[in-house]
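Below, each chain spelled out in residue letters.
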Amino acid sequence: MSTALAHGGGAAGPAGPVAPPDPVQVPTKRSPTALLLLLPGLVWLLVFFVAPIIQLLTVSLQSQFPGYPGFYYRDLNFGNYWEAISTYWPHFLRSLLFAGLATFFAFCLAYPLAYVMAFKAGRWRGLMMILVIAPFFTSFILRTVAWRQILADEGWVAQTLNALNLLPGGHITETWAAVVAGLTYNFLPFMVLPIYASLERADPRVLEAGRDLYANGFTTFRTVTLPMSMPGVLAGTLLTFIPAAGDYVNAELLGSDRSTKMVGNVIESQFFRVPGGYPIAAALSFTMMALILALVYLYVRKFGTEELV
Amino acid sequence: MGGFREAQGDLKIESVTKSFADFTAVDDLSLVVPRGSFFALLGPSGCGKTTTLRMVAGLEQPTLGRILIGDTDLTGSRPYERPVNTVFQSYALFPHLTIRDNVAFGPKRRKVADSDKLANEALELVQMGHLGSRKPVQLSGGQQQRVALARALVNRPEVLLLDEPLGALDLKLRRQMQVELKRIQTEVGLTFIHVTHDQEEAMTMADTVAVMNHGRIEQMGAPEELYDLPRTAFVANFVGQSNMGPGEVTGTDGDALVVDVAGTTVKIPKSRSAVTEGALQFGIRPEKVKISRTRPEGIGNDVKATVLDVSFLGVATQYLVQVPSGAVWTVYEQNLDVEPIDLHPGNEVWLMWKPGHAFAVPAEEEAGA
Numbered sequence: 001m002s003t004a005l006a007h008g009g010g011a012a013g014p015a016g017p018v019a020p021p022d023p024v025q026v027p028t029k030r031s032p033t034a035l036l037l038l039l040p041g042l043v044w045l046l047v048f049f050v051a052p053i054i055q056l057l058t059v060s061l062q063s064q065f066p067g068y069p070g071f072y073y074r075d076l077n078f079g080n081y082w083e084a085i086s087t088y089w090p091h092f093l094r095s096l097l098f099a100g101l102a103t104f105f106a107f108c109l110a111y112p113l114a115y116v117m118a119f120k121a122g123r124w125r126g127l128m129m130i131l132v133i134a135p136f137f138t139s140f141i142l143r144t145v146a147w148r149q150i151l152a153d154e155g156w157v158a159q160t161l162n163a164l165n166l167l168p169g170g171h172i173t174e175t176w177a178a179v180v181a182g183l184t185y186n187f188l189p190f191m192v193l194p195i196y197a198s199l200e201r202a203d204p205r206v207l208e209a210g211r212d213l214y215a216n217g218f219t220t221f222r223t224v225t226l227p228m229s230m231p232g233v234l235a236g237t238l239l240t241f242i243p244a245a246g247d248y249v250n251a252e253l254l255g256s257d258r259s260t261k262m263v264g265n266v267i268e269s270q271f272f273r274v275p276g277g278y279p280i281a282a283a284l285s286f287t288m289m290a291l292i293l294a295l296v297y298l299y300v301r302k303f304g305t306e307e308l309v
Numbered sequence: 001m002g003g004f005r006e007a008q009g010d011l012k013i014e015s016v017t018k019s020f021a022d023f024t025a026v027d028d029l030s031l032v033v034p035r036g037s038f039f040a041l042l043g044p045s046g047c048g049k050t051t052t053l054r055m056v057a058g059l060e061q062p063t064l065g066r067i068l069i070g071d072t073d074l075t076g077s078r079p080y081e082r083p084v085n086t087v088f089q090s091y092a093l094f095p096h097l098t099i100r101d102n103v104a105f106g107p108k109r110r111k112v113a114d115s116d117k118l119a120n121e122a123l124e125l126v127q128m129g130h131l132g133s134r135k136p137v138q139l140s141g142g143q144q145q146r147v148a149l150a151r152a153l154v155n156r157p158e159v160l161l162l163d164e165p166l167g168a169l170d171l172k173l174r175r176q177m178q179v180e181l182k183r184i185q186t187e188v189g190l191t192f193i194h195v196t197h198d199q200e201e202a203m204t205m206a207d208t209v210a211v212m213n214h215g216r217i218e219q220m221g222a223p224e225e226l227y228d229l230p231r232t233a234f235v236a237n238f239v240g241q242s243n244m245g246p247g248e249v250t251g252t253d254g255d256a257l258v259v260d261v262a263g264t265t266v267k268i269p270k271s272r273s274a275v276t277e278g279a280l281q282f283g284i285r286p287e288k289v290k291i292s293r294t295r296p297e298g299i300g301n302d303v304k305a306t307v308l309d310v311s312f313l314g315v316a317t318q319y320l321v322q323v324p325s326g327a328v329w330t331v332y333e334q335n336l337d338v339e340p341i342d343l344h345p346g347n348e349v350w351l352m353w354k355p356g357h358a359f360a361v362p363a364e365e366e367a368g369a
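Chains as they are written, first to last, in the numbering used here: chain A, 1 to 309; chain B, 1 to 369.
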């Protein structure tokens, strides 16, 4: 450090390579205390995550005793997966599409909101934050039921739209739009909070530096503000997309029986209502998990910004 | 660049006032900074110096008055329309961009060809060429400071603003950067306006220093002038140290005022006093005072005092002495010879100084320290 910077009197020779400041020394020896502290968490994961997932995997490969619905034997029946995918591929597509749309709309709503909260709200910031979080104090299901009533055919929203001839089908509920709207609403805070956190942490001087260096308001947003908030955007989109893709409550309460079912609904009915549906439900769950993992991997690889502060 | 305004010449601040909701940060300030000079705005925090800088950058707009470069009126224009760049106190580097892209940001926005080449040259100028592909978080404070400087310099602005740029660095690094900033300014020949609360920093680098207090300029001039002949009590205490005491003009003796300071008669050249009659504040710098055990002859001003404390500082020895008015003065004696200090607390001594070293400023209520 000091040698590289010591060149008084205008010496213009290139300074030697300068090492970045040493990060805090991390003890490399494994201490028994650290392991002991990790133990409860590891046990928890083992009992409530690893064991059930292995159990689910074995169930997804089981075969039925012919003629005895509801009785299975251990097997490596990959036919379950084939059946799940070939029968329910439209539901997979719908899940990904609805979750994708909900993520997109949530982003469009959340970014301006987070921006205003971080930079413009002043003393209203706390109140806005409470308003964003307040819905969490009510049950997820209750809120979705409430939306069903708000959007119902007899409700003023549908009636007004109908009166204005703006509702081609005559209904809001029982449509894909209602499901996507419900998903968007329910996962909005998960989009707002990470984006807000990343914007709020930004030094306002950095945004001023953008304007000082010949970027107008829009260019500063595009080249400085948005890229700086990318970690928040990434976290927000993942926190919205992943649970939305696996959701079945919104499709159940706001959608129709025919055209808006998502994978979650199929899994639910296969597990709880269809006799002998366990292996298919398990195979559906595993396929969905693999699909989401693959999509998230591609997404993070494309937009990941691991070196950001 | 739609609204970009080319402008060349001196920076002129004409009767600028900036009021916020409940206070006036800058109060009817007028100032001309000659093109190519290194100018320092010096003052305590809250004196309006940073607000003045931000108005020149366009990050704040004046409530009243105008800001011009040469004959171009920049009042009301946006920061990105001005040929002015800022080095921020917190450096404000773009965390998502590499060092080279940070520096190339300005040229790219102005669609300058070869912006990467310009960025590399600017990085060489601040001796950071080898770190172009790093990210800001990977650099130390001093290195980030150099990058912030390069990012502003690369645009060759008509005026470069430095907002306490060395504030976050440790003392040794700050000293090195002071010398280097001066070198770079001489090399590129741009107008630098440097805001600081550190009088030593301002004096080391600037051609001209403006001392600000309460949104106004108290005194402006070359560092030597400010130090040698402060015109207000605030400047006398903020720029270096002063021994001061209230006095009353009792008469004149040729070119000198005869002043009574707490019972002691002293002489001050008329040219060194901002007041010619009535009450004033008498002042003398600590190193201009000689200390001796016996009453000196014929030097001019002297006063008897009692030693309170002696501290050895290396290049000098600092004495705290009590003068008859009860005030405690500081006296520096250079350590020219290796001889033991033979003065101790409680000793009676005589203080003396040449009348030409004394000065007087108006006896204000807000006399500071």
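Treat the hints with caution; some may be incorrect.
As the list claims (entries may be wrong) - Distance condition first, Cα-Cα at most 20 angstroms in a straight line; then the derived SDA-like pairs of lysine to any residue: (1) 111/B - 219/A; (2) 108/B - 222/A; (3) 172/B - 314/B.
What the hints assert, rightly or not - Restraint ranges, calculated between C-beta atoms of paired labels, are given here: (4) 141/B - 301/A: 29 to 37 angstroms; (5) 168/B - 133/A: 29 to 37 angstroms; (6) 133/A - 73/B: 46 to 54 angstroms; (7) 313/B - 120/A: 40 to 48 angstroms; (8) 109/A - 187/B: 50 to 58 angstroms.
As the list claims (entries may be wrong) - To give an idea of the chain A side of the interface with chain B (calculated C-beta under 7 angstroms), a few residues: (9) 205; (10) 249; (11) 252.
Note that these hints are calculated values from the structure, not bench results. The C-beta atom is built at its ideal place from N, Cα and C for all residues, glycine as well.
Quick rundown of the hints versus the structure:
1. Proximity of residue 111/B to residue 219/A is assessed by CA-CA distance (about 13 angstroms); at most 20 angstroms being required, the pair is judged to hold.
2. Restraint check: the Cα-Cα separation between residue 108/B and residue 222/A comes to about 14 angstroms, which is no more than 20 angstroms; the hinted pair holds.
3. Restraint check for residue 172/B and residue 314/B: satisfied, since their Cα atoms lie roughly 18 angstroms apart, inside the 20 angstroms limit.
4. Checked against the hint of 29 to 37 angstroms, the C-beta distance between residue 141/B and residue 301/A comes to roughly 33 angstroms, which is consistent with it.
5. Separated by about 36 angstroms at the C-beta atoms, residue 168/B and residue 133/A satisfy the suggested range of 29 to 37 angstroms.
6. Between residue 133/A and residue 73/B the beta carbons are some 49 angstroms apart, a value that agrees with the proposed interval 46 to 54 angstroms.
7. A hinted range of 40 to 48 angstroms is violated for the C-beta pair residue 313/B and residue 120/A, which are about 52 angstroms apart.
8. Judged by the Cβ atoms, the range 50 to 58 angstroms given for residue 109/A and residue 187/B holds: they are separated by roughly 52 angstroms.
9. The criterion of a C-beta within 7 angstroms of any C-beta in chain B is met by residue 205/A, whose closest approach is roughly 4 angstroms, and the hint holds.
10. With a cut of 7 angstroms, the hint placing residue 249/A at the interface with chain B is violated, because the nearest CB-to-CB distance is about 37 angstroms.
11. With 7 angstroms as the threshold, the beta carbon of residue 252/A stays out of range of chain B, its nearest partner Cβ sitting at about 41 angstroms, so the hint is violated.
When each numbered hint is compared with the structure, violations occur for hints 7, 10 and 11.
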